[in-house]
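There are 2 protein chains.
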Amino acid sequence: MSENMRIWRGEEPVDAIDPGDRGLAYGDGLFETMRVHEGRVVWWQAHRQRLARGGDVLHIVMPDADFLCRQVDAIAADCADGVLKLILTRGIGERGYAVSAAARPTLVLALSDVPPPLPPAGLTLRWCDTRWAIQPPLAGIKHLNRLEQVLARAEWSDPAIHEGLVCDTAGRVVSATATNLFVLRDGRWLTPPVRDCGIAGICRDWLLRHVPGAAEAELRPADVESAPAIILCNAVRGILPVAALGERRWVPLDEVRRLVAVLAEAEPAFAAMPQ
Amino acid sequence: MSENMRIWRGEEPVDAIDPGDRGLAYGDGLFETMRVHEGRVVWWQAHRQRLARGGDVLHIVMPDADFLCRQVDAIAADCADGVLKLILTRGIGERGYAVSAAARPTLVLALSDVPPPLPPAGLTLRWCDTRWAIQPPLAGIKHLNRLEQVLARAEWSDPAIHEGLVCDTAGRVVSATATNLFVLRDGRWLTPPVRDCGIAGICRDWLLRHVPGAAEAELRPADVESAPAIILCNAVRGILPVAALGERRWVPLDEVRRLVAVLAEAEPAFAAMPQ
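Chains A and B supply the protein sequences, listed in that same order. Numbers 2 to 276, taken from this note's numbering, label the letters of the first sequence in order. Numbers 2 to 276, taken from this note's numbering, label the letters of the second sequence in order.
In case anyone wonders, no lab produced these hints; they're calculated from the structure. Every residue, glycine too, gets a C-beta built ideally from N, C-alpha and C. No false leads were slipped in.
Every beta carbon over 10 Å from chain A, so not counted as near; a handful from chain B, in silico: (1) E39; (2) P194; (3) D206.
Not the full set, but computed from the structure, chain B residues with beta-carbon under 7 Å of chain A: (4) M6; (5) I18; (6) P20; (7) G28; (8) D29; (9) V100; (10) L145; (11) R147; (12) Q150; (13) R154; (14) A155; (15) T170.
Modelling step: build the complete structure from the supplied sequences, incorporating the hints.
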């Protein structure tokens, strides 16, 4: 086990994932992927709140808040810049879907490098054929059942394509495979709702709260392609301008530069990201 | 690690699940739950074929057939009666959904006892509020994304309720949480299709092939409640007659006894199961 990875069963440090862990058996758990900058986790409270919302939905008991914050602080403390992945599973289970009240959740914290920079001129996207299934009880939270994302991301291997946009089974645009989407329309930044599927991204939430006029709106593929600008975002890379989607090209607009600047001012971790 | 559990990375025996395994990170893998009887796995070829179908869908390379059969034979050889769970994941991955061609699949084999017998008079069922989402590319195969099943099974804790029936988001009855469903109508045993969601159960497939008139048919809740008999089935317990569903009661019919007898004659493992 790497020095940058730690595992607990309840609050007891352990060396390995048990093969009977329900996280492995059923994807019965949650995760968070977080940016670490200058020794602290960016948006930690928001990540912790989303984790707790997921715990409410799945009836997974959250680790003690002090314990969790202490471990996250400890692993982030010496890191100038990195990515911290947190996995919380229901713990070891008997065979079968029924949940044992006695299970102690498994917690994994793993620190890794920030991924390589993306082209400053903006990302190149494609449309995916994969559709997100409509399942409101599991929508929004960041659970471990991510085969749809794996299938969507497996649709291309061309390294010149950076991300793929995905619709739900009702034909509405929802997100990219690992990032949320905002579309500029009539001067406002709009992002699809995540009530039926998709993930309530932490950077998405931040933009909805801090950018005047930003709002949720149902979007069809034509709404995306006809927009004067679109961006992707996530909690690791912040805002990612988009330069191309299939045949469609976008030139950098002031509205995008302003959006990037607002985030960079509030969260210096994202000031240094290549835009 | 229990003596009855073995793990391989590719064909190399290992001691533990790596915390970076994509089976844990994304539920990126498959499983089979199999009955072992008198030293052999019941319906092994059918389980292996379903596993291979899942591998085709998820682009997970199957273990070498000889290697896999040898390991399964070895763990089953000394077992008079038990349950063998097989998990096959894509293996250890980098962070992110993209698949590395270099990943060696992780294989877990775990032998456990046959679960306690169910009431010979038949099971008591309920309707679940949880719905299976419609996702045709993932339907039928036995992948590791099973949060829907976990949510459905968590709807009740009363030990007098044995299973719950689940509809899809379009209102069609599909299955129970861990078993397939057959409904007697006009003298024929009918089971819902698994094209949009649900799992192509191995016992379900056996019955479709070996019982004259057995077929797939779309079923609504009223079709189930008005049927003269319904049964559940899976590869561990075989056929499970149903005695009650909510307020509805069923008395044992000759058609059910005949169905149980046909299976018991073909597969002695299920002759001893309490019916």
